[in-house]
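S.K.: Letter by letter, the chains look like this.
There are 2 protein chains.
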Amino acid sequence: MLLTMSTLFVRTLRDDPADAEVPSHRLLARAGYIRRAAPGGFTWLPLGWRVLRNVERIVREEMDAMGAQEVHFPALLPREPYEATGRWTEYGDNIFRLKDRKGADFLLGPTHEEMFTLLVKDLYGSYKDLPLSLYQIQTKYRDEARPRAGLFRTREFVMKDSYSFDVDDAGQERSYTAHREAYTRIFDRLGLDYVIVSAMSGAMGGSRSEEFLTPTPIGEDTFVRSAGGYAANVEAVTTVVPDPIPLEGLPAAHVEDTPDTPTIDTLVAVAVERFPDAGYTAASTLKNVVVQLRHPDGTAEPLVIGLPGDREVDAKRLEAVVHPAEVEPFTDFAAHPALVKGYIGPQALGSDSASGIRYLVDPRVVPGTRWITGANEPGKHVFDLTAGRDFTWDGTIEAAEVRAGDPAPDGSGPLELARGVEMGHVFALGRKFAEALDLKVLDENGKLVTVTMGSYGVGVSRAVAAIAESTHDELGLVWPRAVAPADVHVVATGKDAAVFEAARALSEELVAAGLTVLYDDRPKVSPGVKFKDAELLGMPTIVTVGRGLVDGVLELRDRATGEREEIPVDGAAAAVLAAVRG
Amino acid sequence: MLLTMSTLFVRTLRDDPADAEVPSHRLLARAGYIRRAAPGGFTWLPLGWRVLRNVERIVREEMDAMGAQEVHFPALLPREPYEATGRWTEYGDNIFRLKDRKGADFLLGPTHEEMFTLLVKDLYGSYKDLPLSLYQIQTKYRDEARPRAGLFRTREFVMKDSYSFDVDDAGQERSYTAHREAYTRIFDRLGLDYVIVSAMSGAMGGSRSEEFLTPTPIGEDTFVRSAGGYAANVEAVTTVVPDPIPLEGLPAAHVEDTPDTPTIDTLVAVAVERFPDAGYTAASTLKNVVVQLRHPDGTAEPLVIGLPGDREVDAKRLEAVVHPAEVEPFTDFAAHPALVKGYIGPQALGSDSASGIRYLVDPRVVPGTRWITGANEPGKHVFDLTAGRDFTWDGTIEAAEVRAGDPAPDGSGPLELARGVEMGHVFALGRKFAEALDLKVLDENGKLVTVTMGSYGVGVSRAVAAIAESTHDELGLVWPRAVAPADVHVVATGKDAAVFEAARALSEELVAAGLTVLYDDRPKVSPGVKFKDAELLGMPTIVTVGRGLVDGVLELRDRATGEREEIPVDGAAAAVLAAVRG
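Chains A and B, in that order, are what the protein sequence lines are. Per UniProt numbering, the very first residue in the first sequence carries number 1; after that it's consecutive. Per UniProt numbering, the very first residue in the second sequence carries number 1; after that it's consecutive.
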């Protein structure tokens, strides 16, 4: 296909759009690939659309190759199936809801677990029909509170979602692995760097879950990895639990007056002053943080989290573990006199205590650990309060922040923290959706069994941003060959008719050979502007036809490496083809 | 690509779905191509999706070939641009509206004139940038009151919409013609019969408009055509206006008592009885029909339409000519004493009359025509009331029904009526949208001129239904090669392992040659069921590998013609390829 700059619907801009926060957004907008159309909504211009369709094609080829079958659902979906699984409510403000002219409720699908489950239930009934993997490449909708970073977080986006259906856990494991492998091939072909991290199941419930994150400083997700190969989403990191300490011979707890110790720092200062040899640090204290949980049925409950004083509660980790309950600030101290603000101690807490307030502790709180903590009296703390002897708890909770240097749970060394963007997600859903929507098949013995499912997603429009983000340089976009909107950018410079004739002839020869060529045929644009545009637009190979033509040479340039070479006009097409096809 | 029936996500059904009104819906559902997902919303199963994508590809190729450039807009659109053109209100209940979490208004795009206009305004500013044609292939939304006929009228559907931008009328004419020609190529390639009919501009305003209708008895649109080549949408038919008759010497009007003549038939009976030689028929009477117009600003107005008594008002024609006003029943006779129910006569009507009520007449009412009509008194009619002498009117209106046998307006003979489905629409919008949204460019003289636009649509998902509707037979679907989900259906019958081996080998050989093959490899399904499924699924070429194999022959069948021939196993692939490639 031949694209000519004189007619192509594109305008390159000198200035960054005011609302562009990240390089990919800046460059895609400046190079005329996308244009903002609505809050969190972008229009794909011809070049951008070509990249998106290339990404789509790669995703489709790999899904087909693994045996998944493509279908396509409406985006406008009825309320009932989402009501049956509870997600109509759980999604809260995050989905778009609307009514039709008759007042019936609909939503714009953010993801389609319910619909796929019902479709399979509708058509299939036997273990012989399984395994089955279905997918679609579709426009999805989420009412994001804060659309950001251009194509990275929009309210309308293109996603490949697939769903696997198996009769048993072993089958589900195979389907999961097949998707995981297909995803590695997809991201490899897209030229995207990625880390596969363990992930919490989050809103979905289910058993096993991994995310494909592309490391980037502009990423919204924090993940951890160790030199030994461990990688996880921060929400999924589990704490290395210390061994319990025998209780015998441990010192007795003792209450101390600790006026004016409103913070951990001031408390530690007093403790160190009073007991200089004890080696107290913030990690010696146990702070008890009160939050309020709002359950899906609307009821609220106070929850106290006990954790070492040198760590904060990580809001995302907390949200992930308490889901589907939501976390709210706790303010109603008046209704709970057992909670002495600033001096809350474990001895007043727990389901079995007089207060009845649920008390969960960080996994580092094991029997025999001794703590400085609140004494449930204003101005007093208790020292050497010993876990398992002086206080108990209702369970542990993974809510404390993860820090660089923490040990990896699998013993593979200290963790480092990095930022990334989620590009893909593989998820063993288990039987949650099948149970809610009654998807059963007959097994080999003629018995009805509930199907086990997986759900899997790739951010297709997001991948365009991620590729731009990870490959661009200071001059502009740098597309990998697999997704570039054109294989070659032919630039004709000067005013000499012979130059334009040669450039067009070369372009047409390359098109005839099967390439897509972007030919800059603009007659009155200066060479400088044309070169700048070529760098900004980012085709992988740039051929300049200009002054050298009188000497029988063209310039061939590799956009990514910047390497240039002169090639003879005679046989130029073959040389360009060789460069393109590697 | 190889599709195997044993794993393909498809279930053929013996029975028609209860809600299927038309053959295409019945067969697409029974053959497992589509499945109802919501009111007016369908899921595309793997075979249906393949057909849709083939249609899409053909549309895309022809749009690219005519020089249109593909872009892609969000479907979720902000209210403001639609407010600026008045369509936010005009669409009434026919669009889906929703609010985001902040309460901002959005709609789901039914068509994108506003957004394309704004995009071009955003990027372009000179006559040198034009002409420009942009298109998208996109999911559209309309809140249809009565989704019907399967894929023919849904609330979520795939459409190719394009928009042309020109600096002057001559350019717009060229863009219009280019689209019109591309559409003929598209429908030719899809194998769809079509008639190009003149169409009213309807809700859009604008100057020239044609529809591509596929004739089918299940069509919602009535159109007319003459043997001499005239074709028009019923809304667009203009009446052949008779010559006026000199007023001199015409008889004087005379009022007659006509009790008990509540209908045209009873009135004509009385007239014939009283004046047996006058040759009175229903066409001699002038009936005056009152309706109420509701204007977009909310105000209401009575309107009287005078038309020959042998014709009814055609609701669609009336709606088209009064748009954007809406037609409501008129009931408030009490407020308008000039309107004597059942005996309304022209002498009480007209903007200049005492009543001030607007009076429009059928174009057949020309000066000198004489009429039997109401005398504005209960039980009385006036005879020989002569147009242009005894009464006047405010203008003419094309609201009377069109009947078979009426003359074509271009003199090409009598009209016949037929039913069809709109598959495409080409539309010279003119400057309405450009003016509302201020799209101007500098012309050659440096003067700002308003751009003239066209809008053009092809129903992509509807085309799948139309093809199925026009090609099916009593056994099932019959796909044209251009859109068939597979080129060949290979059926292996019996239990002989050699049969399955040969069938698979042939299938794989055909796939290697570039075909898509659907191979019925199901081991325990009877030949009868397999043959029935092959007829129902409708691949253009069916190859049966069965009993004949021991004699070295296969059967090759053409689904459309039913022709069968035996072909030798040796060289079978070449014979099949020859059949497929014609």
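These are calculated hints, taken from the structure and not from any lab test. No experiment lies behind these values; they were computed from the predicted model shown. Mixed in with the good hints, there may be bad ones.
What the hints assert, rightly or not - Which bits of chain A does chain B cover? Going by a derived footprint, with three or more residues having C-beta under 8 Å, they are:
1. 369-383
2. 390-396
Stated by the list, open to error - Some chain A residues close to chain B (C-beta under 10 Å, calculated; not the full set):
3. L3
4. L8
5. D16
6. G40
7. G41
8. M66
9. G67
10. T89
11. L134
12. T139
13. S226
14. Y230
15. V234
16. T238
17. S470
All C-beta atoms in this analysis are idealised placements derived from N, C-alpha and C, irrespective of residue type, glycine included.
S.K.: Take the hints in turn and mark each one as holding or not.
M.R.: Do the hints match the structure? See the list:
Restraint check on the stretch 369-383 of chain A versus chain B: 0 residues with Cβ-Cβ distances below 8 Å, three needed, restraint violated. As drawn, the stretch 390-396 of chain A meets chain B at 0 residues by the rule of a beta-carbon pair under 8 Å; below three, the given contact is violated. With its C-beta approaching chain B no nearer than about 9 Å, A/L3 sits inside the 10 Å limit, and its interface hint holds. Because the closest C-beta pair between A/L8 and chain B is about 7 Å apart, less than 10 Å, the hint holds.
Annotation: interface hint on A/D16 violated; nearest CB of chain B at approximately 16 Å, more than 10 Å. Interface hint at A/G40: satisfied, since its Cβ lies 9 Å from the closest Cβ of chain B, which is below the 10 Å cut-off. Proximity of A/G41 to chain B holds as hinted, the smallest CB-CB distance being about 4 Å (cut-off 10 Å). Evaluation of the A/M66 hint against chain B yields a violated restraint, the C-beta minimum of about 12 Å exceeding 10 Å.
Residue-level restraint check for A/G67 holds (minimum Cβ-Cβ distance to chain B is 7 Å; threshold 10 Å). Using the Cβ-Cβ criterion of 10 Å, the hint placing A/T89 at the interface with chain B is not satisfied: the shortest such distance is roughly 15 Å. Among the interface hints, the one on A/L134 holds; its C-beta lies about 6 Å from the nearest C-beta in chain B, closer than the 10 Å criterion. For A/T139, the shortest C-beta to C-beta distance to chain B is roughly 7 Å, which falls under 10 Å, so the interface hint holds.
The restraint placing A/S226 at the interface with chain B is violated, with a minimum CB-CB distance near 39 Å, outside the 10 Å limit. Nearest Cβ of chain B to the Cβ of A/Y230: about 37 Å, over the 10 Å cut. The hint is violated. Restraint check, A/V234 versus chain B: the minimum CB separation of about 26 Å is more than 10 Å; hint violated. Given the 10 Å rule on beta carbons, the hint for A/T238 is violated: about 34 Å separates it from the nearest Cβ of chain B.
Look at A/S470: its Cβ only gets to about 23 Å from chain B, farther than 10 Å, so that hint breaks.
Against the hints set out earlier in the document, violations occur for numbers 1, 2, 5, 8, 10, 13, 14, 15, 16 and 17.
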